[in-house]
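Engineer: Given next are the chains, with one letter for each unit.
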Amino acid sequence: MLINFKVNGEARSLEVFPMARLLDVLREQLQLTGTKEGCGEGECGACTVIIDGQIVNSCLVPVAQVNGCEITTIEGVAGANELHAVQQAFIEHGGAQCGICTPGMVLAAVDLLNRNPEPTEDDIRNGLAGNLCRCTGYMKIFESVVRAYRK
Amino acid sequence: MRAFVPSYQLTTPASLADALALLESEPGVWKPFAGGTDLMVLLEAGKLTHHNYINIWGLNELRGIEATDTHITLGALTTYTDVQSNPILRREFPMLCQAASETGGLAIQNRGTLGGNIINASPAADSPPALLAYDAEIELISARGSRWLPYQGFHTGYKQMHIDADELLARIRLPRNTAGLTHYYRKVGTRKAQAISKVCFAAVGSTEQGRIKDTRIVVGSVAPIVIRCAQTEDALRGQEPERAMIESACATLSHEISPIDDIRSTANYRLQVAKNLLVDFLTTLRN
Chain Z
1 MLINFKVNGE
11 ARSLEVFPMA
21 RLLDVLREQL
31 QLTGTKEGCG
41 EGECGACTVI
51 IDGQIVNSCL
61 VPVAQVNGCE
71 ITTIEGVAGA
81 NELHAVQQAF
91 IEHGGAQCGI
101 CTPGMVLAAV
111 DLLNRNPEPT
121 EDDIRNGLAG
131 NLCRCTGYMK
141 IFESVVRAYR
151 K
Chain H
1 MRAFVPSYQL
11 TTPASLADAL
21 ALLESEPGVW
31 KPFAGGTDLM
41 VLLEAGKLTH
51 HNYINIWGLN
61 ELRGIEATDT
71 HITLGALTTY
81 TDVQSNPILR
91 REFPMLCQAA
101 SETGGLAIQN
111 RGTLGGNIIN
121 ASPAADSPPA
131 LLAYDAEIEL
141 ISARGSRWLP
151 YQGFHTGYKQ
161 MHIDADELLA
171 RIRLPRNTAG
181 LTHYYRKVGT
191 RKAQAISKVC
201 FAAVGSTEQG
211 RIKDTRIVVG
221 SVAPIVIRCA
231 QTEDALRGQE
241 PERAMIESAC
251 ATLSHEISPI
261 DDIRSTANYR
271 LQVAKNLLVD
281 FLTTLRN
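Top line first, the protein sequences correspond to chains Z and H.
Heads up: the first sequence runs through residues 1 to 151, numbered per our numbering.
Heads up: the second sequence runs through residues 1 to 287, numbered per our numbering.
Honestly, the hints are just simulated from the structure, not real lab data.
All C-beta atoms in this analysis are idealised placements derived from N, C-alpha and C, irrespective of residue type, glycine included.
Here's a subset of chain H near chain Z, in silico, CB distances under 7 Å, partners left out:
#, residue
1, M40
2, V41
3, E44
4, W57
5, G105
6, A193
Starting from the given sequences, assemble the full structure and let the hints guide the process.
Structural biologist: Below is the structure:
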């Protein structure tokens, strides 16, 4: 089938199998390899992207369901000349270790701050509850999000 | 092994009428596909045995939450995020909101639907215990028409339910009669977020002059279906929730449920937790 959608602000038109995972289409057809695959079953959040203003696990979305949608991946988070405040904070405060969970963590944090510019500690924990880090770096990630919104 | 993606059909109908016409024209060939949070897991694992799906995600006829004086009606595509942000549900049906907030993380809650949770028919699903405790009714529609039925009794065995091949779950309706009830919902899993239940317990109840007036008790992950514990409810009705009565109710409960050992837990643990949660509910009700 042919689908039309916007990825990071750019209109794209692709021939796809309708049940293909959005994750695979992004990585393999659009070469947007910033979106990572972790578990492939909606447990880890490494493949998080934003569809029409809501975070989703792109491994659980068949591409037929994003026809006409606007998608933001990690490649679309930074501005033309500077990083997003969340990305900058992750760098400055050690929020990234091996990097596999980082794109999903950053997108979940960006989404949280879009919805709730002054989150409480609980809000941050809930907002990132679906994103697992196996380098055990949660405190640094948490601190990075706090620093990002205080900026 | 991973699934061979080209062998799957996922067709997007232009309208609800088109979806129902397709279901009717080839009964059993097509199944609905909603948020995908269960089916896509099976796909990736190579365990999605059915191959032809109708993409109902975009059908706005199946969305929305509407309230009258007596009922609140939820479209089958109501997501867990939609549930949590509805003020009437938060005020009058807190267990459903809690179930929604404890199902997966936010990315799952944005995509998973109440209708999908019912039709996927997992005995470990988190919203059905709350829906059953609130006496939900469900509407099944087809090209032939529509019928409402009590959700209680809809599931008849593991992944078995009273739905015809041409029918689609369209809406879920809850009676607004929860004023004055104690609501008690506990999901016990391995982790606070993002875990599948070992035991899920939802109950409402009220007391009059120290005696249990009415109660509805539902437990998930302890039987082939999410189970309404009618015998335990009968044993408790009209009784004072004191120690001997609570012990006797626990004995009734342990005969009524049939937990098993599986990858997430053991039968013994589930049985003990179910009894502990009943004690906790009755203690909460008494106080």
